[in-house]
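With the hints as a guide, bring both chains together as one complex.
Which chain is which? The protein sequence lines are A and B, in order.
Last residue of the first sequence: number 332 in the working numbering, and the count goes up by one each step with no gaps.
Last residue of the second sequence: number 320 in the working numbering, and the count goes up by one each step with no gaps.
FYI, nobody ran anything at the bench for these hints, they're computed from the structure.
Treat each hint with caution, since some may be false.
So the derived label-pair ranges between C-beta atoms look like this [claimed, not checked]: (1) B/Arg204 <-> A/Gly177: 56 to 64 Å; (2) A/Ala217 <-> B/Arg178: 43 to 51 Å; (3) A/Arg203 <-> B/Ala167: 51 to 59 Å; (4) A/Leu314 <-> B/Glu279: 32 to 40 Å; (5) B/Glu279 <-> A/Ala219: 49 to 57 Å; (6) B/Val148 <-> A/Thr53: 53 to 61 Å; (7) A/Pro109 <-> B/Ser282: 47 to 55 Å; (8) A/Val169 <-> B/Val287: 31 to 39 Å; (9) A/Phe194 <-> B/Ala285: 40 to 48 Å; (10) A/Val132 <-> B/Pro88: 46 to 54 Å; (11) B/Ser136 <-> A/Leu41: 28 to 36 Å; (12) A/Phe194 <-> B/Leu298: 32 to 40 Å; (13) A/Arg198 <-> B/Gln281: 48 to 56 Å; (14) A/Arg203 <-> B/Leu166: 35 to 43 Å.
Just a few of them, taken from the derived set where beta-carbon distance is under 8 Å, the chain B residues facing chain A [said to hold, decoys possible]: (15) Leu116; (16) Leu124; (17) Val241; (18) Tyr286; (19) Leu296; (20) Val300; (21) Arg304.
Think of the CB as a built atom: it goes at the ideal place given N, C-alpha and C, for glycine as much as any other residue.
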Amino acid sequence: MTNTTAAIQSEGTNGRFNRGSRLVDLLSRAGLALAILAIVLYGSLSSPVFFTTGNFVNVMTSMAIVGIVVVGMTFVLVVGGLADLSVPATIACGAILSLALQPMIGPVPAFIVAVSLAGFCGLVSGILVGYVGINPIIATLGVGTIVLGIVQAAVGGVIVYGTDPATAVLVKSRIFGIPAIVLIFLVIAVIGNFVLSRSFWGRWTFATGGNYSAAEASAVPVRAVKAGAFVITGLCSGLSGGLLGLTLQSARPLVGTGYEFSAITAVVVGGVSIMGGFGSVPRAIAGLVFVQILTNVMVLQGVRTPVQGFVLGLLIAGAVALDVALRKRGVA
Amino acid sequence: MHMLSQIVRYRVGLILGLTLIIASLMVPGFFGMTTLSLGLDRSSTIGIIAIGLTVLLIAGQIDLSVGAVFALSGIVAISLQPSLGVWPAAIVGVLAGTACGVFNGILSVGFKVNALVATLATMLIFRSIAHWATNSQPVGGTDIMFSVAMARIYLDIFTVRSALFLAAILLLHLWLTRTVSGRNLFAVGSNATAAEASGISSSRTVFLGFVFASTMAGVAGVLQSLATNTGSPVFGSDLTVMVIAAVVVGGTRLEGGRGSALGTLGGVLTMASLTTAMEFQSVPAYVQQVVAGLMLILLVVLDRTVRARPRKHAAAVATA
Chain A
1 MTNTTAAIQS EGTNGRFNRG SRLVDLLSRA GLALAILAIV LYGSLSSPVF
51 FTTGNFVNVM TSMAIVGIVV VGMTFVLVVG GLADLSVPAT IACGAILSLA
101 LQPMIGPVPA FIVAVSLAGF CGLVSGILVG YVGINPIIAT LGVGTIVLGI
151 VQAAVGGVIV YGTDPATAVL VKSRIFGIPA IVLIFLVIAV IGNFVLSRSF
201 WGRWTFATGG NYSAAEASAV PVRAVKAGAF VITGLCSGLS GGLLGLTLQS
251 ARPLVGTGYE FSAITAVVVG GVSIMGGFGS VPRAIAGLVF VQILTNVMVL
301 QGVRTPVQGF VLGLLIAGAV ALDVALRKRG VA
Chain B
1 MHMLSQIVRY RVGLILGLTL IIASLMVPGF FGMTTLSLGL DRSSTIGIIA
51 IGLTVLLIAG QIDLSVGAVF ALSGIVAISL QPSLGVWPAA IVGVLAGTAC
101 GVFNGILSVG FKVNALVATL ATMLIFRSIA HWATNSQPVG GTDIMFSVAM
151 ARIYLDIFTV RSALFLAAIL LLHLWLTRTV SGRNLFAVGS NATAAEASGI
201 SSSRTVFLGF VFASTMAGVA GVLQSLATNT GSPVFGSDLT VMVIAAVVVG
251 GTRLEGGRGS ALGTLGGVLT MASLTTAMEF QSVPAYVQQV VAGLMLILLV
301 VLDRTVRARP RKHAAAVATA
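Isolated chain B (complex conformation) (with noise of 0.2 Å):
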């Protein structure tokens, strides 16, 4: 059993191994870094998101509504492009991406809502809210040239994206790791109770969760709007399952108190080099969600089972 659940323990990383060993094989020239930066660049849209998301989960919420977020701020940035400019646009765009959150934070904190239900019904609505605005129809942004600038490769392998993620989890590791509130929102996450009869805050942590949800899913949205120049109303409805997965791979629990910054950065780089592997074997886009969906339903299926029976060795996990 002590094996076994060292094997869960670091499986971040052996999945994330495997995944390459698989990648690499599959693809030729997959550590090239011409193909490892552009990876990296398109994970970070769903590494953007899961960073706001790791932190919802801990608290022991969810949001469902982050693709709907994603595709509504990205219209707000690039349809204000003419009337405000590139740089204001951008900024009203993540705003929207936290007001939706702040929505979000109401029903579930204030009406007391189920998370899942509330987030449910509130996908629904942003969702409508941007086929409303836009007609239904993609909305082009004034200036290619940003988007142009955006592809742009640094130090051979950094994109403005992918350093802006990189760093977000850096931070989110520090502030995990190191600070009170940190460790607040662990506590929120693990008994509720607990934590507001120590003198925590459960609904200020939760409620500032979600917005911090959404305003991530909102700066992923308006980068995707300015990389490709474009709003659409249907990016990102795929997105929901993908990056739950992309968290959940990286061993945070649904049901809160438990998960880390570098455990997701795992778990969004496997579902990226899994993404790109398929790609390139032109797997069809059903075949991938077939495959994002498995990861997601295996990896919850054996968090039960294996996590439920050593209860010691579950200890010290959590602890660590």
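Same shape as in the complex, but just chain A (with noise of 0.2 Å):
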């Protein structure tokens, strides 16, 4: 069974995710919601600094950092793409470099290129995957090994740390009391949602991600919506790694470990079919704040990383395993 390229060329004749099922539909966006208000109910009980501003600060902060990846990442998802496995080097590519080059152009210069930089990285991924046809996974994979061994081997293979103390008061600073990092991140899941759900972009993303020989057959540029995907993503990335090595002042060759996992997830728990065409930003920020709480809750009740990982992945498992089956319940 070649599910990856079954599921792709498929699409047409298995019909797509039931939109016409109110219930189903009503259902998965529900269940949800009530898993958010339980998680923060259990964690309000459980814990007396579950409720204070000192946490709350805190789960906004991490929420951004991987909440900007996730915005890209339910591109990838909604184009068919699968999943974007480059990115624990893209974010790094973004932090290393932006902290890196700061001594010799400036702090803004080494932002914006090391963010262009990520998007290439994007780029490459995405001609690999729309163009020449690769299995994303594979793509990605391969080209995120790459990246992060160019990226260490630019700076020996060594941790960097970030010169000037200006930029890292400037990305730690509050306005009315929420983290720029915060603001940045509903800058662009405002954007990621207009792009998605109101542009031109968006409905060719739907389309190709829906029925990709539909969506050829009816003019639309199929390779080039799905490598725009990975470009937004690889985008996103590099962004959220700069501001993650502006805010640590720091950045090893490993930072962005962990990060697709948890953006993976976000996406998947929040009801966004990993077989393309059904999603959207606000959907895949539920599962965000699903997890992040999730997570959350997991520390301040002590339990150990390794634990958390473990829960990552059968949620992972669990939310596809789900999702397929409801797509087959309400196709039938």
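Okay, structure coming up:
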């Protein structure tokens, strides 16, 4: 069973995620809201620090860093590109270069160069996936390995530190008590939502993910749309990495490890179909909120890091299995 | 075009030959018995995992969790040594790999989750269990002499591991080319629906493929842990790209339906001699990763672009 290719090709015959069945739709949406409510309730009952401003700001900050990646990853999933595994590499690219280039060209150009290089990495993955037709996971896995290696080689495989404290202050500053990073994330999310649900590009993205051949026949530039999703993710994770680097004022090569899973988990838990053609940015962010609060509660309860990884893995598997099951029922 | 497809067909040999020439230029005494046997010994780790992955790829599936299974089964085999003894612990370690494969199989066949996503999730799960069980610390074995025995060289060239690997490649070759179940595997990989229609249970084949791949990763992990007398939760974290690259260099298609044992042998030897040559020139590990990634991407692109056009040759090659 060639699941991946079959999944892309059989989109036409299997039918899309059923939008007619309102019940399934409502269930998946209300289910997540209920889950978020339950976890918030449990968190506030079990830990006295859960409902403090400090904890809230912490959750928001870590949510913002992952969230920027989540916006890009939503495009990849909706366009039928499975997932982008080069995220750790592009985050490292953003974080390391935006710090390492500071002494040479100044903080702002360094940041811009780092983000555009991350976008370029996304472009390479995008061309491999969209135009050459390579399996997205293999392409991004390979590109990620190469990019991470090149970035490490560029700085000699060491930890780089920031030289300009002013940018750190800027990134950590708060406007009306909300960290600047969170505001940047909200802006990115609003733009992402607008592009995906209101613009021609978003319509093309849905068309390509929903039914590739039909979209191609309707003169949608399917290859460019598919490649574009990976460019968006590259830019997003470069931005997220740059912000992460400026916040920490240090970046090691493995700084981005695990972010791909966090982002995929959030998007998938939010009910965005891994088969493509269905999903939205608010849904993905709802998934993100759930996963982040769950992680936060686990941290407050003193659950060890490996266990958190275990739970994330189970969540991905469970959410995708549920998606497949719901799809089948919707079609039948 | 005929010339080109001939090159593509025998590219494994071509790439291996080129790599060997480069390696022998860069490493003095590359063809010395000691270097060869050591190279073969280390290639057998990648090789044994590659055998499992070859089977799974032919069936049209993939397993990204092999690196994590590799670490987990090694940890099981080492940490059970005090209570069970070396041999039973090793067997339990391999069985732990098998159990991981069953889990993968249930997820992707039972729940119909895309294999890439399913094994991505289980990679996270197995790796977490490995960290969990060991407190993120490497664990040591009880019998240091056992690892010395593992490293002994027989007949000037073979270690236990490399002999096992070569024997397994031979068995795999016989299985894929001479048996009915081997042929069924190709049928399932190239067209699952057609295979189903001709009475082959494709879901059963795929399920067993997952079990086989994880079991082989378990065998490799146990052997590695025995050889180093250590089990560590970070073992095998960079193996996945290496192994997939080795299998793809060997001419196995990612989409299933094509692949061979001898090709995989060629791919594994290529990756091993490349690694040896680069390490001898003290190329940093991250540059080696770049090379592995580039090999993978280039060959997959080559497979896509060259194979797609000359349909007739492609058909001829596929049956060969």
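Satisfaction of the hinted span 32 to 40 Å by the C-beta atoms belonging to leucine 314 of chain A and glutamate 279 of chain B: holds, 38 Å
Take the C-beta atom of serine 136 of chain B and the C-beta atom of leucine 41 of chain A, compute their distance, and say whether it sits inside 28 to 36 Å. holds, 32 Å
Per the hint of 31 to 39 Å, is the separation of the Cβ atoms of valine 169 of chain A and valine 287 of chain B within bounds? For valine 169 of chain A and valine 287 of chain B the Cβ distance comes to about 36 Å; the hint holds.
Range agreement (Cβ of glutamine 281 of chain B with Cβ of arginine 198 of chain A, hint 48 to 56 Å): holds, 54 Å
Range hint 40 to 48 Å (beta carbons of phenylalanine 194 of chain A and alanine 285 of chain B) holds or violated: holds, 43 Å
Do the beta carbons of alanine 217 of chain A and arginine 178 of chain B sit within 43 to 51 Å of each other? Taking Cβ atoms as reference, alanine 217 of chain A and arginine 178 of chain B lie about 45 Å apart, which means the hint holds.
Holds or violated: 47 to 55 Å for the Cβ distance of proline 109 of chain A and serine 282 of chain B? Cβ of proline 109 of chain A to Cβ of serine 282 of chain B: about 34 Å, so the range 47 to 55 Å is violated.
Within 53 to 61 Å: is that where the Cβ-Cβ distance between valine 148 of chain B and threonine 53 of chain A falls? For threonine 53 of chain A against valine 148 of chain B, whose Cβ atoms are near 60 Å apart, the range 53 to 61 Å holds.
Can arginine 304 of chain B be said to touch chain A, with a Cβ gap under 8 Å? With a closest approach of 5 Å, the arginine 304 of chain B hint holds.
Status of the hint placing valine 241 of chain B at chain A (closest C-beta pair under 8 Å): Cβ of valine 241 of chain B sits 5 Å from chain A, so the hint holds.
Between the beta carbons of glutamate 279 of chain B and alanine 219 of chain A, is the distance compatible with 49 to 57 Å? holds, 52 Å
Do the Cβ positions of phenylalanine 194 of chain A and leucine 298 of chain B conform to the proposed distance bound of 32 to 40 Å? For leucine 298 of chain B against phenylalanine 194 of chain A, whose Cβ atoms are near 38 Å apart, the range 32 to 40 Å holds.
When held up to the earlier numbered hints, the structure conflicts with 7, 14 and fits the remainder.
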